[in-house]
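Trainee: This is what each chain is made of:
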Amino acid sequence: MIMPRGQQLLLPANPLFIWGSLITALLATMLPLGPLPWLPDWLAITLVFWSVHQPRRVGIVAAFVFGLLVDVHQAALLGQHALAYSALTYFAITIHRRLLWFAPHHQAVQILPLFAATHLIIVLLRWIAGEQDPVLAWTAVFAPLLEALLWPVFSAVLLAPQRRAPDPDANRPL
Amino acid sequence: MPLGTLDRQPPPFFRQGASALSRLLVCSALAILLMVSDSRFALIEPVRAVIATLLYPLQWLVLQPVLAVRAFGEYTESRDTAQQREQAAQAQLLAQSVRAQQVEQLRLENAQLRRLLELRGQTPPPATAAQVLYEALDPFSRKLIIDKGQMQGIAAGSPVVDAQGVVGQVTRVYPLLSEVTLIVAPEHAIPVLNTRTGTRSVAFGSAASGATALELRFLATNADVQEGDLLTTSGVDGVYPPGVPVARVEAVERQADAAFARIRCKPVGAVGAVTHVLVLAPAGADQPPRPSPTADKPAAAPAPRKGGKP
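The listed protein sequences derive, respectively, from chains V and R. When we follow numbering that gives the first Met the number 0, the leftmost residue of the first sequence carries the number 0, and every step to the right adds one. When we follow numbering that gives the first Met the number 0, the leftmost residue of the second sequence carries the number 0, and every step to the right adds one.
Isolated chain V, as found in the complex (with noise of 0.2 Å):
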């Protein structure tokens, strides 16, 4: 496997602690706290994560039922976080060879603008589905630029179960 220089072999990654932390965050999405515009969505940054490294696990059909289920839970239109986080999550297939090369918080820059896009998704199908006026508050802008902030803590957090014991000898420099 070519890697860049200098960056850790992790152990390979527990489908338990996979789907548990989902679940957890689509949980952290369910937390009845109204309605708050600027709110990152948790549950799209996990998503990010886990397609981004580990795309044969987790993909575009995790991303629709979890979709669906976020979409049941708001009282939304049924389908539209499915739409969402199925685009969402085959942008970050698309380039998860080209990310893993760059440190997290340059990997933020490059997911940020997937995060904006499923902020746009979405209010673009209320949009299309009949909305009368779609309430866009200004403060909206912020919840992809918090995911986008939040992708290392996510990144750190989420490998940290993966990361070995540092023993290095002389036969070993890993």
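FYI, nobody ran anything at the bench for these hints, they're computed from the structure. Please note: incorrect hints may appear among the correct ones.
Stated by the list, open to error - Ranges between beta-carbon positions, derived for each pair: (1) R:R78 with V:V140: 52 to 58 Å; (2) V:P151 with R:Q163: 45 to 51 Å; (3) V:W137 with R:T194: 35 to 41 Å; (4) R:Y74 with V:L9: 44 to 50 Å; (5) V:W126 with R:T52: 28 to 34 Å; (6) V:L145 with R:E73: 53 to 59 Å; (7) V:I127 with R:F259: 44 to 50 Å; (8) V:I127 with R:A17: 53 to 59 Å; (9) R:G227 with V:I127: 38 to 44 Å; (10) V:V140 with R:Y74: 36 to 42 Å; (11) R:R78 with V:G19: 30 to 36 Å; (12) V:I22 with R:A81: 27 to 33 Å.
Glycine included, C-beta positions come from ideal geometry on N, C-alpha and C.
Fit chain R to the supplied structure of chain V, relying on the hints for placement.
Mentor: Leaving out everything else, chain R in the frame of chain V:
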């Protein structure tokens, strides 16, 4: 390096399943199908109900800490606040009891007059108390989720009121939960009666200001509406019982070049911050059948134009 520290299954070269693009196409086609059938036809309500039932344990789990914090907040409320609240409740009770004493006589008089005019009697509709679980997080939809559903006999289209006035209407019923569309939602309209003048009109939810407000549309510039007028339900819709307070007129803008006045109203009920509501049965059951729509179309649809069917 010990075994088990690397992925021991190499990625398959040939059997990789469908490509990401084809998966995206299938998923987005399915999503669009769902959206179209959700907004145009009522085909997938069962799907939604099944997903909601599957999601219920998770929602219950998430609500527990929130309810615990709320209960803790109520428990540690200071004695002064509690006493103030009790005094306010006493004052309100006193004010209401004066009016309540007149009610018996008025009811008798009303019954006699109605018999005289051969009008149908009015019975207060049966009601179910419910707790608000959460407000929908989606900033586009002004909806509440309450903890009573099909199992408790809630029907779609039922009016929802709180202690002060109308809050909204049940638009979707799940086995254990229901969705309430607030009267301030832009897709919601409610027929109202101006208690000062007796004129009927329709109040539309208004999301333009982003706040909780209603709007009286299509009233002529010289219509007799003043600030502070109380609007109650008119009962012509066969959904809301007549006489329940809805809103108070807050601002009337009359412009010379516009055919209609801009009338903004503030809901009487605590639409944004309500925790307990009363779900009434739709009042339509004891009303005479409507005339055929070809004869004369009613000016306004009483129910939300999307979703709920009274």
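Trainee: Does each hint fit the structure? Answer for all of them.
Mentor: Taking the hints in turn, this is what the structure says about them:
Separated by about 45 Å at the C-beta atoms, R78 (chain R) and V140 (chain V) break the suggested range of 52 to 58 Å. At about 48 Å, the CB distance of P151 (chain V) to Q163 (chain R) agrees with the hint of 45 to 51 Å. Checked against the hint of 35 to 41 Å, the pair W137 (chain V) and T194 (chain R) passes, with Cβ atoms roughly 38 Å apart. Distance hint check: the CB atoms of Y74 (chain R) and L9 (chain V) are about 47 Å apart, consistent with the given range 44 to 50 Å.
Separation of W126 (chain V) from T52 (chain R) is about 31 Å and conforms to the stated range, judged on CB atoms against 28 to 34 Å. One distance hint, 53 to 59 Å for the beta-carbon pair L145 (chain V) and E73 (chain R), is violated here, with the actual separation near 32 Å. The supplied range of 44 to 50 Å is broken by I127 (chain V) and F259 (chain R), whose beta-carbon atoms lie about 28 Å from each other. Our hint of 53 to 59 Å for I127 (chain V) and A17 (chain R) is violated, since their Cβ atoms are close to 27 Å apart.
Here the CB-CB span from G227 (chain R) to I127 (chain V) is close to 40 Å, well matched to the stated 38 to 44 Å. The beta-carbon spacing between V140 (chain V) and Y74 (chain R), approximately 39 Å, falls within the hinted interval of 36 to 42 Å. Checking the proposed 30 to 36 Å range against R78 (chain R) and G19 (chain V) shows it is violated: the Cβ atoms sit about 44 Å from each other. Checked against the hint of 27 to 33 Å, the C-beta distance between I22 (chain V) and A81 (chain R) comes to roughly 40 Å, which is inconsistent with it.
Hints 1, 6, 7, 8, 11, 12 from the earlier list are contradicted by this structure; the remaining hints agree with it.
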